[in-house]
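Just so you know, the protein sequences line up as chains A and B, in that order. Start counting the first sequence at 1; every next residue gets the next number (my numbering). Start counting the second sequence at 252; every next residue gets the next number (my numbering).
Rather than coming from a laboratory, the hints here were simulated on the basis of the structure. Some hints could be false.
What the hints assert, rightly or not - Just the calculated beta-carbon pair ranges, DEER-fashion:
#1 Ile178/A - Asp608/B: 25 to 35 Å
#2 Ser94/A - Leu261/B: 48 to 58 Å
#3 Lys194/A - Asp561/B: 24 to 34 Å
What the hints assert, rightly or not - Example chain A residues on the side facing chain B (calculated, C-beta under 8 Å, incomplete):
#4 Arg50
#5 Leu68
#6 Leu70
#7 Pro72
#8 Pro91
Note that the coordinates shown come from a computational prediction; the quantities given were computed from them, not determined experimentally. Quick reminder that beta carbons are idealized off the backbone N, C-alpha and C, glycines included.
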Amino acid sequence: MLSIKNLSAQIDGKQILNGINLEVKAGEVHAIMGPNGSGKSTLASVLAGREEFEVTGGEVEYLGKNLLELEPDERAREGVFLAFQYPVEIPGVSTINFMKTAVNQVREHRGQDPLDAVSFLGLMKEKMKLVEIDQSLLNRSLNEGFSGGEKKRNEIFQMAMLEPKLAILDETDSGLDIDALKIVANGVNKLRSKNNAIIVVTHYQRLLNYIVPDFVHVLYKGKIVKSGGKELALELEAKGYDWIKSEAEVV
Amino acid sequence: MNAASTNTELLEVLAGQASNQSNLRQEALRVFRQLGLPNNKTEEYKYTPITRVLQKELQLSNLFVTDGSTPAEEKWIIPVQDTYRVVLLNGYFVTDKSFLPSNVTVKPMLQAAEKLHGHIGRYADFKTDAFAAWNTAVWSDGLYLEIPEGIKLDKPLIIYYLHDSTKGQVKSVSRNMLIAGAGSEATIIEKWQSFGNNPVISNTLSEIVLHENAQVNHLVIQHDGLTHIQYLFNQFWQHTKSCLNSHVFTLEGAFIRNNTRVCLDGEHCESHLYGLYLLHNSTLADNHTVVDHRKPNSNSNELYKGILEDQAKGVFNGKIFVRPDAQKTNAFQSNRNILLSDKATINTKPQLEIWADDVKCSHGCTTGQLDEEAIFYLRSRGINHETARAMVLYAFASEVLETITDTSLRTYIDNLVSERLHKNF
């Protein structure tokens, strides 16, 4: 589904990604871990099309298309979803209106008719249950005054509504207490299927107790320096990142 | 010919041949000549070169006085259901086009003026602003409205200012006096519509008095053609426990100067001043506001927001005075702007003068570009760039739109704003 080859990127002249290689197939969950500043969030941002980052080399193929050539909204309509580490507050735009617009623009792209108000509300009610989010929250301005947990639940609610093929969760666990973490992880697990893939970017192993990955990759200085199964995450939790760093320096 | 003599000549053209020489008019004319037209050293018009614009646009020989025929109604009626209305054509009251409630006193200002000695000019200061002096000296007609004690107007009243410049330039100077009696309630809308390609210069001054417990919603809708050079002065005067909601919506016009002044001359008054200016092309809009707290225990809240594109220019100047007697005053002011082009400009200046010590006052102004992070967030959900941009801008504007209580009116203004912002969601 996603094939990243030798991807390099910089921001403000500073090189962040130094040749990433990653293959993600439908049905898989990949965890990207690594110490602070290793480039985890940059990778997520580059895949979603954030314009501050300049791709300086390599290629990304997504479902046979050159992902890097697509605008951020085109990527989303093609099924790429980024759950933000810091969801943006937009006063004056309600989540419901925003989602209705997004869902219908995605449907239009897929050649489907727009949902009328009743069908949209039905779909929304169904997806709200997944992340245990209350409708009163969705009537309010997008993320405005939401708690950290509410913002992250809103991200997963949006993911549920848009039914992406490739979801990238950028530090979705940050700022969550254990109950909120379980709710969010539970929502993600319900959305897992053999047809979609998920990339979980996280600093800690904690989230991976609930969203169990098929593969774990360690990112350091803009490169994937180690890959393994879910047990790699446990090893990192126990031993920290230092041994990875020294291993990488030797290489 | 040097600029000064041109200025004087222009001033005399504006002053015209004042026919009705009441003492007040004579005094105002003297002040007008003494002040002279503003120049680039006049602080209150520092960013608003109104004299230069008038010199450029006003051809002194081509002034036209209406022949009295009103343009067809469908060309100026706004789609707001169930309203009363007053029509002024080139500054003159048109009785047969006006629908008025029976339980209030409404008269053309020209007829009412005789009995209003000592009232006209009592509230709106004409001694410091040349255009206020000009209005006071030479106004042609306008609306006198008196709402008796306890009467609640069941429909909004729209004042339509029509200007017909098809046959020549129009110079229109109108004067209103609106008295809201104790406990009365009214919604009053001011709307301008010009016809013809020749320049229109209009000067409208209203003195609006709110007696005890009166509640007035006042809305200005400036959505006129690019031929219209407009000076507007609304002076509100609030007595005890009165409540004012003032809205100024500016969407289109050539050159606009608004003076919105509120004097809180009673205790426990509420004043809400809202403004929304969406400027494009080379429109200039200047909002000068004054909130003058003279008595204790009142609240004022002011929110002006602007979106400027192309070469548009905006000016905001907000003064708050809290006088020594006005203890326990709450006064807040905020001006926020979004500039969508490198050539658009905004000059914003809050001015607070506080002489009382037990007060809560704050002010703030921000000017920025479109929030790219918000746009990216919306796009990352599949929303195209154009829609995302419209969404963020509409959200910015909606904070002001939401303050309009009348549903039909809100829908009308919302539609104008949505169209401007290319809202398609």
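Which numbered hints fail: Violated hints: 1, 3, 5 and 6; rest satisfied.
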